[in-house]
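Undergrad: One-letter residues, chain by chain:
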Amino acid sequence: MRELDVAAISACLERLCVRANTRLPEDVCRAIDDCAQRETWPMAREILGDIQKNARLARETGLPVCQDTGMACVFLEIGQDVHLVGGALSQAVNEGVRRGYVGGYLRASVVADPIRRGNTGDNTPAMIYTDLVPGEQVKITLCPKGFGSENMSAIRMLKPSAGLAGIEDFILETVEAAGPNPCPPMVIGVGIGGTFDKVALLAKKALLRPLDQRNPDPYYGALEEALLAKVNALGIGPQGFGGRTTALGLNIEVLPTHIAGMPCAVNISCHVTRHETEVL
Amino acid sequence: MERHITLPLTEEAARSLRAGDRVYLTGVVYTSRDAGHQRLCRALERGEKLPIDLKDATIYYVGPTPAPPGRVIGSAGPTTSGRMDAYAPALLAQGARGMIGKGARSPQVVEAMKRYGGVYFGAIGGAGALLAACIKGCRLIAYEDLGAEALRELYVEEMPLYVVIDSRGENLYELGRAAYLRS
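Protein sequences appear in the order of chains X and H. By the working numbering, the letter at position 262 of the first sequence is numbered 1248, and the numbering carries on one by one without gaps. By the working numbering, the letter at position 122 of the second sequence is numbered 135, and the numbering carries on one by one without gaps.
With the rest of the complex left out, here is chain H (with noise of 0.2 Å):
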């Protein structure tokens, strides 16, 4: 099913998708990888404030090219998800709502994003210049000295994406292929 979404992401919204929707997002995500993740967790476990507010948020495993003159943003894919899963379930039980990646995730990210209501988007890996063109807006947040995995603020327009794991645990890499297989 085709779904055009606005951010912020409610639960009611993210526990309405399906794995395999085909979903469009337009509104603001914010982008965090593997350094940025451990800074995010390290600053809640010492009860700190954190630089974003994580409430229906959606967060990007994104760390992109630099902006050449005159662009927004440089190439900008989806990096692997899976380095990200001992940190997510904390961001999860903060209010966090969508995570946009690539590749699989842990059973413990599951359990999370069933009880606390998120989801996970697959963006291509691999179309950096194609997932450039629809980020409108870059403005860095926070972690500047991490370069690339700095926490930016993005604003999307119609980001092409594909639910990959909904709230009920439903995975698309199992079903696609085991439809693929019976077809």
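Just chain X, same shape as in the assembly (with noise of 0.2 Å):
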């Protein structure tokens, strides 16, 4: 049994938000590069070619590569043989995600209630998602997500009987009625199997998985694929203007579902899609 005091968890997640907001992953940078060579559309390369140059400048300057510093969703992989001490383990993200963002002049954005609204002041609380798994190390991932592209996800109940059909009409309907709005090229996370909830959570997980890692199921992989190319034959484009790249990267997580069903969630992001993994 390894003893981890908390406070490491919540320095670690201060490092995490302010590396996450001020420099892009460097999977989604090689994504962006590779789409800006392959765009043929005048005003699509133009626009591609500055947000290369805002990735750049914002590594430079260490401002965020955008204002929307998003809602702070951690997700922690806890090692069963970990014996967490020094406060509750809620608390000690809450700090570091808190210090990150008050310290790091990231952007507050986070309301208390949702209807009654009131900005908490420092982005907390976190969005946190915990699993065990073997082993005496914690594996922290931060995903700061911003809600331009996150209102524009959805979630559908499908019937078995609508098959592989069925799964690609809605993720194309989807991306067609996130349209400018989500800072396309966006980044698409899918979820297929589950139930409800975990539909949605393997969509937003999917965001983690770097762009040029596919499904290690060759039929998933083969479908990422083949899903992309579906989208980008769209030609809605960088920020909705038109051209070929409307998306960098479509990523799809699954999982065994039941007899009666088929959830599918599509989580939408932008080419802002931030992640920064650390091991304590």
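Hints should not be assumed to be uniformly reliable.
Every beta carbon over 12 Å from chain H, so not counted as near; a handful from chain X, in silico [as the list claims (entries may be wrong)]:
1. 1085
2. 1140
3. 1151
For the chain H half of the interface with chain X, some residues (derived, Cβ under 7 Å), not all of them [as the list claims (entries may be wrong)]:
4. 81
5. 83
6. 87
7. 93
8. 143
9. 163
10. 185
11. 190
Covered stretches of chain H, going by a simulated chain X footprint (3 or more residues, C-beta under 8 Å) [said to hold, decoys possible]:
12. 67-74
13. 115-123
In case anyone wonders, no lab produced these hints; they're calculated from the structure. Where a beta carbon is used, it is the ideal one built from N, C-alpha and C, also for glycine.
Hints are included, so try docking the two chains, each in its own frame, into the full complex.
TA: Take a look at the structure:
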């Protein structure tokens, strides 16, 4: 049994908040560069050029890549041989997020109540997801999720008879409805299977996988490529002004499901898809 | 067509702009988004004096990150404009001329733009660091309690934008995509 003081988790999250918001991940930068190379439409090329410039500028100046520094989605994989000491885990996570956002000049974008509103002033609370895994390490992933794209996400409880065609139609319909709103080029996270709640989480977890890493199941890996091609044939383009580059990537995560169902969730993200991981 | 425009935006200048124009704005723009728009419109309903003069004004839908030491402003890209659709026609009726944001607008907003001579500019969504570089001044005007959503006066130099919807209701989202798909 390894003991780990939760203060280390706070310190880690503080670092991750600042790093994730000011440095676009390498896989996303590479996807933007690739798309800029392949884009043929002049206005789309110009916009992708500005998006590249923006990511460089953020890295150099330490300013956030995007002013929507997101809601802090924190994924914890906690080894079952770790004993967390020194306080409550959720408090430690929120303390790290608070220090990262306030000290890092990041935007406080969280309201205390969904209807009565009221900004909490420090971007807490974080959305915390915990998984117990074998081992004695703690893996912490932070995904600051912007809401221009989150608002365009959708979930549908498809009938099994809808088949693959039903999944494809739902994804394309969701991207079409999102149009220019989520700051295309988008990143598309798809969850299929599980239950109503689990499928949404799968879609969000799909956004954490590097864009150049296909689903290890060749069936889904090929489906990711085929669906991305279909999305990019829609012609929405960067910012919705037309072009080939509607999405930088599309990742699918799946789970077994019930004989009566085929849940599907589409979590839309933007070209500022941020995720940072550290292992303690 | 490339246009360099000094603010405030007159009706004549606004009506001369066309969807797809590349525009560089210099001058004063006001920041406002969800909660700020709600307050402006409530004040209008009550017949109260607004904290800014809307005549020929341009409103930037933005909630910037806090300014780090030595900087005028933090990251400052546009937010999704559709959330301001419920309020925009009332502001256009009061003389507001330009709106800067990203994403689709409602038919009601487009009708008000045609009627009053308004124009909707798109800034590149997600390019907050790039857009911050053209903001040379920032002053708090009202609603400080709203934090990032407070009403601020920005002085911008050569702010890079596209005309997304012009005062005739022509729309770059439709025109640009159709032209690409035809190509």
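Undergrad: Run every hint past the structure and note whether it holds.
TA: Status of each hint after checking the structure:
Every CB of chain H lies more than 12 Å from the CB of residue 1085/X, the least distance being 14 Å, so the non-interface label holds. No Cβ of chain H comes within 12 Å of the Cβ of residue 1140/X; the nearest lies about 16 Å off, and the non-interface call holds. Against chain H, the non-interface label of residue 1151/X holds: every CB pair exceeds 12 Å, the least being about 23 Å. Among the interface hints, the one on residue 81/H holds; its C-beta lies about 4 Å from the nearest C-beta in chain X, closer than the 7 Å criterion.
Look at residue 83/H: its Cβ only gets to about 11 Å from chain X, farther than 7 Å, so that hint breaks. Because the smallest distance between the Cβ of residue 87/H and any Cβ of chain X comes to about 6 Å, under 7 Å, the interface hint for this residue holds. The interface hint given for residue 93/H holds, since its Cβ lies 5 Å from the closest Cβ of chain X, which is under the 7 Å cut-off. Of the supplied interface hints, the one on residue 143/H holds, with its beta-carbon coming within about 4 Å of a beta-carbon of chain X, less than 7 Å.
The interface hint given for residue 163/H is violated, since its Cβ lies 11 Å from the closest Cβ of chain X, which is over the 7 Å cut-off. A least Cβ separation of about 6 Å between residue 185/H and chain X falls short of the 7 Å threshold, and the interface hint therefore holds. Interface hint at residue 190/H: satisfied, since its Cβ lies 4 Å from the closest Cβ of chain X, which is below the 7 Å cut-off. Restraint check on the stretch 67-74 of chain H versus chain X: 0 residues with Cβ-Cβ distances below 8 Å, three needed, restraint violated.
Taking a C-beta to C-beta cut-off of 8 Å, the stretch 115-123 of chain H contributes 3 residues in contact with chain X, enough for the three needed, and the coverage statement holds.
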